[in-house]
Amino acid sequence: MTLTLDGVAKRVGADQHLHPLSLELRPGSFNVLLGRTLAGKTTLMRLMAGLDAPTAGRVFENGKDVTGASVRHRDIAMVYQQFINYPAMTVYDNIASPLRRQGKPADEIDRKVRGTAAMLRIDPYLQRLPAELSGGQQQRCAIARALVKGAGLLLLDEPLVNLDYKLREELRAELREIFSDGKTTVVYATTEPQEALILGGSVTVLHEGRLLQTGPTSEVFHAPLSEECAAVFSDPPMNVVEAILTNDRVALADGTNLPLSAHDRNLPAGPCRVGIRANHLTVLRRSDRLVPIRGRVELSEISGSETYVHLRHGETTLIAREEGVHTHPIGSEIQVYADPDRILVFSTGGQLVAAPHGRRGLLRNIA
Amino acid sequence: MDKVQDNRAWFLIVPVFVIVAFSAILPLMTVVNYSVQEIFGPGQTLFVGTEWFTTVLADTRLHDALVRQVIYSLAVLAIEIPLGIVIALGMPGGRSAKTSLTLVLLALPLLIPFNVVGTIWQIFGRGDIGLAGATFRALGINYNYTSNSIDAWVTVLVMDVWHWTSLVALLCYAGLQSIPPAFYQAAKIDGASKWAVFRYIQLPKMRGVLVIAVLLRFMDSFMIYTEPFVLTGGGPGNSTTFLSQYLTQMAVGQFDIGKAAAFSIIYFLIVLLFSFIFYTVIMRTGEGDKS
Numbered sequence: 001m002t003l004t005l006d007g008v009a010k011r012v013g014a015d016q017h018l019h020p021l022s023l024e025l026r027p028g029s030f031n032v033l034l035g036r037t038l039a040g041k042t043t044l045m046r047l048m049a050g051l052d053a054p055t056a057g058r059v060f061e062n063g064k065d066v067t068g069a070s071v072r073h074r075d076i077a078m079v080y081q082q083f084i085n086y087p088a089m090t091v092y093d094n095i096a097s098p099l100r101r102q103g104k105p106a107d108e109i110d111r112k113v114r115g116t117a118a119m120l121r122i123d124p125y126l127q128r129l130p131a132e133l134s135g136g137q138q139q140r141c142a143i144a145r146a147l148v149k150g151a152g153l154l155l156l157d158e159p160l161v162n163l164d165y166k167l168r169e170e171l172r173a174e175l176r177e178i179f180s181d182g183k184t185t186v187v188y189a190t191t192e193p194q195e196a197l198i199l200g201g202s203v204t205v206l207h208e209g210r211l212l213q214t215g216p217t218s219e220v221f222h223a224p225l226s227e228e229c230a231a232v233f234s235d236p237p238m239n240v241v242e243a244i245l246t247n248d249r250v251a252l253a254d255g256t257n258l259p260l261s262a263h264d265r266n267l268p269a270g271p272c273r274v275g276i277r278a279n280h281l282t283v284l285r286r287s288d289r290l291v292p293i294r295g296r297v298e299l300s301e302i303s304g305s306e307t308y309v310h311l312r313h314g315e316t317t318l319i320a321r322e323e324g325v326h327t328h329p330i331g332s333e334i335q336v337y338a339d340p341d342r343i344l345v346f347s348t349g350g351q352l353v354a355a356p357h358g359r360r361g362l363l364r365n366i367a
Numbered sequence: 001m002d003k004v005q006d007n008r009a010w011f012l013i014v015p016v017f018v019i020v021a022f023s024a025i026l027p028l029m030t031v032v033n034y035s036v037q038e039i040f041g042p043g044q045t046l047f048v049g050t051e052w053f054t055t056v057l058a059d060t061r062l063h064d065a066l067v068r069q070v071i072y073s074l075a076v077l078a079i080e081i082p083l084g085i086v087i088a089l090g091m092p093g094g095r096s097a098k099t100s101l102t103l104v105l106l107a108l109p110l111l112i113p114f115n116v117v118g119t120i121w122q123i124f125g126r127g128d129i130g131l132a133g134a135t136f137r138a139l140g141i142n143y144n145y146t147s148n149s150i151d152a153w154v155t156v157l158v159m160d161v162w163h164w165t166s167l168v169a170l171l172c173y174a175g176l177q178s179i180p181p182a183f184y185q186a187a188k189i190d191g192a193s194k195w196a197v198f199r200y201i202q203l204p205k206m207r208g209v210l211v212i213a214v215l216l217r218f219m220d221s222f223m224i225y226t227e228p229f230v231l232t233g234g235g236p237g238n239s240t241t242f243l244s245q246y247l248t249q250m251a252v253g254q255f256d257i258g259k260a261a262a263f264s265i266i267y268f269l270i271v272l273l274f275s276f277i278f279y280t281v282i283m284r285t286g287e288g289d290k291s
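Protein chains in written order, with the UniProt record's numbering: chain A, 1 to 367; chain B, 1 to 291.
Because the hints were derived from the structure by calculation, they are not lab data. Owing to the predicted nature of the structure, the values given are computational and were not obtained by experimental measurement. All residues carry an ideal CB built from backbone N, CA and C; glycine is no exception. Watch out, some of these pointers could steer you wrong.
Unchecked claim - Under the rule of at most 25 Å between Cα atoms (straight-line distance), these lysine-lysine pairs were calculated in the DSS-like manner: (1) B:Lys188 / B:Lys205; (2) A:Lys166 / A:Lys104; (3) B:Lys98 / B:Lys194; (4) A:Lys104 / B:Lys194; (5) A:Lys64 / A:Lys112; (6) A:Lys104 / B:Lys205; (7) B:Lys205 / A:Lys64; (8) B:Lys188 / A:Lys112; (9) A:Lys64 / A:Lys166; (10) B:Lys194 / B:Lys205; (11) B:Lys98 / A:Lys183.
Said to hold, decoys possible - Sample of chain B residues lacking proximity to chain A, with all beta carbon distances greater than 12 Å (derived): (12) Ser96; (13) Tyr143; (14) Gln185; (15) Asp190.
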């Protein structure tokens, strides 16, 4: 289904939950809604689903205006953070319920239920009640129920957030495959930049009820149009430092000089802000072009098999990434290396001026 | 493995043991003790074995009271449980002044002492000065709870419904409030009807509180004493003499301590049996859809 949102907005009382935004989702596309808590992801999904009517703007399904149409007349399915299944029905009956409502013949229902259950690997538990399943299996059951309906639009509102880490990774890896039937338009809300990157497709970044940017996921990640967008799409948060751009270098506020690179050459001189993602601020010196920055360790945290070092550098705290598990005593001196070829240059107003890759020739004047 | 045995640990359970002994075991054992003796006066007793039990079980007045009691309790459940559920479903949700007002109104009957409830209905139903009684009389309906046994029986039942349906409604309301809104949204997206939402979401989610409601209402109504005692004194005839009133007549009125003790034990076992049956049936019902 092609879902088109034209200037939709949602206001509740005096609160503007969603500022006017327009968006078009192509049939069969996989769309991630990325934003922190209270960014408006759920609000937007409820508008897409027709659970709420927008206070302004219009919603179109395949070009047909469905603004304000009851959710009963919409062709959608939804999966929630909580594991929503009918508590008194078996897994089989739960998955079969949308098909029975559609009045499908019994043999087709049976075939579809078993097929979907097998795809989600809950076929051994068809005769159990949801309460007798683990959290991960309950969510698989809910996803199966949504999938089997064959709706044109499938909405997933942070479906993995209540699962533990291991299950989340496992199910996430399967999801892309499960949803790639090419017909269903999928919308997937998440707070985690990592999840958006793993799932791929295209991403729409929301922040405080505003649409910041939308586009193919890797493109948005590599060239976020604003500092705000980069901040939402970075985990840990991107390091941002004040700098002066001259015709031969980028002079950071602390006195560190970064040589110019392909993407930030030929920019007009003047003040700017430089964004360095944690993975481009490394402890290991991988090449001679990397520029050393010294600081004092404030915190060193281990995430998976990586270490994030928070270091005090002048007035700011920088976060550097280190491969592998390391411990750095708090207060010790450390030297990290910034990669001048990977920095993002923003105007003093926070708009993107230059991003590495330069594929889209993102060159703009500094305000 | 060598484990050091320290028997002083037993001292730690002494307080619990003492409390349970004095609050439950000793009183119960006293009743058991009475039930196997003929008591003539202080210190003058005669062991009679199970004689009291056979007498009690053969007592036709008791049979009548038991039948009356079972019908009454089942009627109470049959009215109060569905009515409570319907009221709970109709109550406003969320945090509004309307919600608070509804809750307070519902809680009001629960705050009134039993004997006061009896007195209220005694006056309410009187033909000369009571609102209900006078209204019936004005409508030409011959209603008199002191002389007509059906009228008396119905009045006791209506009184209980008035007094206790709120409890069922409040319990069900609590159960309904604990259902996350996402369930209703999901049902809406599925296109489920109101009945389907009730049958497949609300009812299963209320099962836990319904067990409590059924058990509480059953046990309470099965042991009802004060209200019919105040309203009708068990009459007319024996039409509203329920088990506990018959027991009191026996123990306090006739001072048949031994017989009353045997009766108490049988009474207790009946309550236990019914409660067990209700509990088992309700807990199994939800899973009945399974096979």
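Each hint tested on the structure:
1. Taking the CA atoms of Lys188 (chain B) and Lys205 (chain B), the gap is about 17 Å. The hint holds against a cut of 25 Å.
2. For the given pair, Lys166 (chain A) sits about 37 Å from Lys104 (chain A) by alpha-carbon distance, which is inconsistent with the 25 Å threshold.
3. Distance restraint check for Lys98 (chain B) and Lys194 (chain B): the Cα-Cα separation of roughly 23 Å lies within the 25 Å cut-off, and the hinted pair is therefore satisfied.
4. Between Lys104 (chain A) and Lys194 (chain B) the CA atoms are separated by roughly 22 Å; this keeps the pair inside 25 Å, and the hint holds.
5. Restraint check for Lys64 (chain A) and Lys112 (chain A): the C-alpha separation of about 29 Å exceeds 25 Å, so the hint is violated.
6. Our distance criterion of 25 Å between C-alpha atoms is broken by Lys104 (chain A) and Lys205 (chain B), whose separation comes to about 28 Å.
7. In summary, the hint linking Lys205 (chain B) to Lys64 (chain A) is not supported, as the alpha carbons are separated by about 38 Å, beyond the 25 Å threshold.
8. Our distance criterion of 25 Å between C-alpha atoms is met by Lys188 (chain B) and Lys112 (chain A), whose separation comes to about 22 Å.
9. A C-alpha spacing of about 42 Å is found between Lys64 (chain A) and Lys166 (chain A), which places the hinted pair above 25 Å, so the restraint is violated.
10. With a C-alpha separation of about 15 Å, the suggested pair Lys194 (chain B) and Lys205 (chain B) falls inside the 25 Å cut-off, and the hint holds.
11. Proposed proximity of Lys98 (chain B) and Lys183 (chain A) is contradicted: the alpha carbons are some 47 Å apart, above 25 Å.
12. Residue placement check: Ser96 (chain B) keeps its beta carbon more than 12 Å from all beta carbons of chain A (closest about 14 Å).
13. For Tyr143 (chain B), the shortest C-beta to C-beta distance to chain A comes to about 44 Å, beyond the 12 Å cut-off, and the non-interface label holds.
14. At the 12 Å boundary, the C-beta of Gln185 (chain B) falls inside the reach of chain A, the nearest C-beta of that chain being 6 Å off.
15. Remark: the non-interface label on Asp190 (chain B) conflicts with the geometry, its nearest Cβ contact in chain A lying 6 Å away (cut-off 12 Å).
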